[in-house]
Amino acid sequence: MTERTAKQGKAMAGKEQGVRMADGLHSSIDRISLVEARAAVVEGRVSAAALAEEHYERIAKVDPEIHSFLALTRERAMTQAEKVDTAVKAGDPVGPLAGVPVGIKDVLTVKGVATTAGSKILEGYRPPYDATVVRRLEAAGAILLGKLNCDEFAMGSSNENSAYGPVKNPRALDRVPGGSSGGSAAAVAAGLCVASLGTDTGGSIRQPAAFCGVVGVLPTYGRVSRYGLIAFASSLDRVGPFARSVEDAAVMLEVLAGPDEMDTTSSREAVGGYAAELGKGVEGLRIGVPEEYFGEGLNPEIRAAIEKSLDGLRVAGCSIHKVSLPHTRYAVPTYYVIATAEASSNLSRFDGVRFGLRSEEAGTLAAMFRKTRDEGFGAEVKRRILLGTYVLSAGYYDAYYRKAQQVRALLTRDFVEAFDTVDAIVAPVTPTPAFKLGEKTDDPLQMYLEDIYSVAASLAGICGMSVPCGETTEGLPIGVQVLGRHFNEATMLRVGAAVEKQGISNRN
Amino acid sequence: MNEGNGAVSVEDVRHVADLANLELTEEELPRMAKDLNAVLGYIAQMNELDTSAVEPMAQVGQALGLKPAVGGETLREDVVKDSVDRGTVMAAAPESDGRFFKVPKVIER
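Heads up: the sequence lines are chains A and B, in that order. If you read the first sequence in this note's numbering, its first letter stands for residue 1, the second for the next number, and so on. If you read the second sequence in this note's numbering, its first letter stands for residue 509, the second for the next number, and so on.
In case anyone wonders, no lab produced these hints; they're calculated from the structure.
In silico DSSO-like cross-links for lysine-lysine, where the CA-CA straight-line distance does not exceed 30 Å:
1. A:Lys322 to A:Lys280
2. A:Lys382 to B:Lys613
3. A:Lys382 to A:Lys436
4. A:Lys111 to A:Lys382
5. A:Lys382 to A:Lys120
6. B:Lys589 to A:Lys83
7. B:Lys542 to A:Lys382
8. B:Lys542 to A:Lys120
9. B:Lys610 to A:Lys111
10. A:Lys436 to B:Lys542
11. B:Lys610 to A:Lys382
12. A:Lys280 to A:Lys501
13. B:Lys610 to A:Lys120
14. A:Lys120 to B:Lys613
15. A:Lys322 to A:Lys308
16. B:Lys542 to A:Lys440
17. A:Lys111 to B:Lys589
18. A:Lys322 to A:Lys501
Since the model is a prediction, treat every value here as computed from it, not as a measurement.
Turn these sequences into a full structure, and let the hints guide you.
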């Protein structure tokens, strides 16, 4: 973090009351790290309330263009900020996220706050409970600023499937931020919140992180509770953080991770001290490079940036090894069978009976179901429900769903075997940098192929992350993907931190 | 529905939409048929692999042979706890008498 002593000096000069946030910070508000924001609050240089207020002012100024927030939770934020400020003043212990302004992807429930999943079918829905991850963030002192835009039911790779309009990439306004957690990535990149939550079913954290130039972490399947996550594909869905640095993401993950009795699929595997472990460095780690991820179709600038990252890891003391993940090319077909099959089942709950939209048109129950779903779902959601229903329908189950489950086992075995010989795998996140709005909306298959480097890790359940490692000549961010063993986020994050260091020195 | 790997027809889409409780317009049907055919054609690549000896994988923990507590297969204690408030839930319903969800008539007399 660059120190701006001039600003610090101004803070020392001190205005008695209503100290402007920027005066108490070393970094500008749009770049401040989580660690620095917390320190400023805890050391009393800035109040949590002022920090939140400053973010709301910036949202009001910047977000009309970006469109990352779907709802603001100002009252809740200010109540929470007051609690943090009172604790700080009293000298009481505060959490690892004390005063840190965060945003939440709109597929996660927040009690009493409009939660739409980017869909018309949930318009006006106010959930009666908080997602476990939301509770954990607030228990750690985070200030929840609002709900973030996303592709409808997290289905999409560009955020263009949101029923409430697309998000723009803050780094290039004519480009997509990626998806489905486009709002979560864009808000962090645009300086509208310090960190955020997203979800990743087939790449929905890693890809937008790469497109927007922020860090995004996909924890191991089962690592983070999904209670309060509106389900898309239950054997794949995961919740994870976006942040401005690997260290910040590690702090977030530590808060989020761990078992939850409200989610029986959450794992009891011990949670690491992720931020502290970053200090171990990467010397002696074995890094695998899968040749299948560097084939035709990979943008040459992305390839070059990743090779530079690998050089950096070598200099930092890692050994680099070729590994093979031979079933990689079957990952996208497998994913689109399993994910849509599970979605067709999960989305059957949206029927106009208990919450959200109900069509006014229908006279009978059957017609009400159909008309509600017709009016409430967008084209991509309908397409995936149809595909999922098709692959599960009589006569097709074995050919599609069972087959995909078998190929999924092979894809998982690929990773398990690779991790016998290496500690982490480094690969591209996406074949191209952020594409233009509207560029791929007419061709669903082209959009699905966007996920080519991300879905295999989703199917295998391993952890992964995207770390900024450079830019194209046009100035678009490039992300590098670091993949780790099941439940070994600590090693993955250490490699991520080393890559990040290299990326920063590339820019300077 | 068509057999084997033939193309998905508009009739097939209509049938699947029916199963999924989706009402598609006449304009939507051919478009969806075209999209499904494109994606299913791509998905057919899976058939290049001989998977006859491979156990299907439903969950990550199962495939890795993880202990239930690690693989996410634990159940909590079976004790009664407070649940979400009924009034809050019913208030979110499109139509309710406060105790039940109301829907259009199911059985015609």
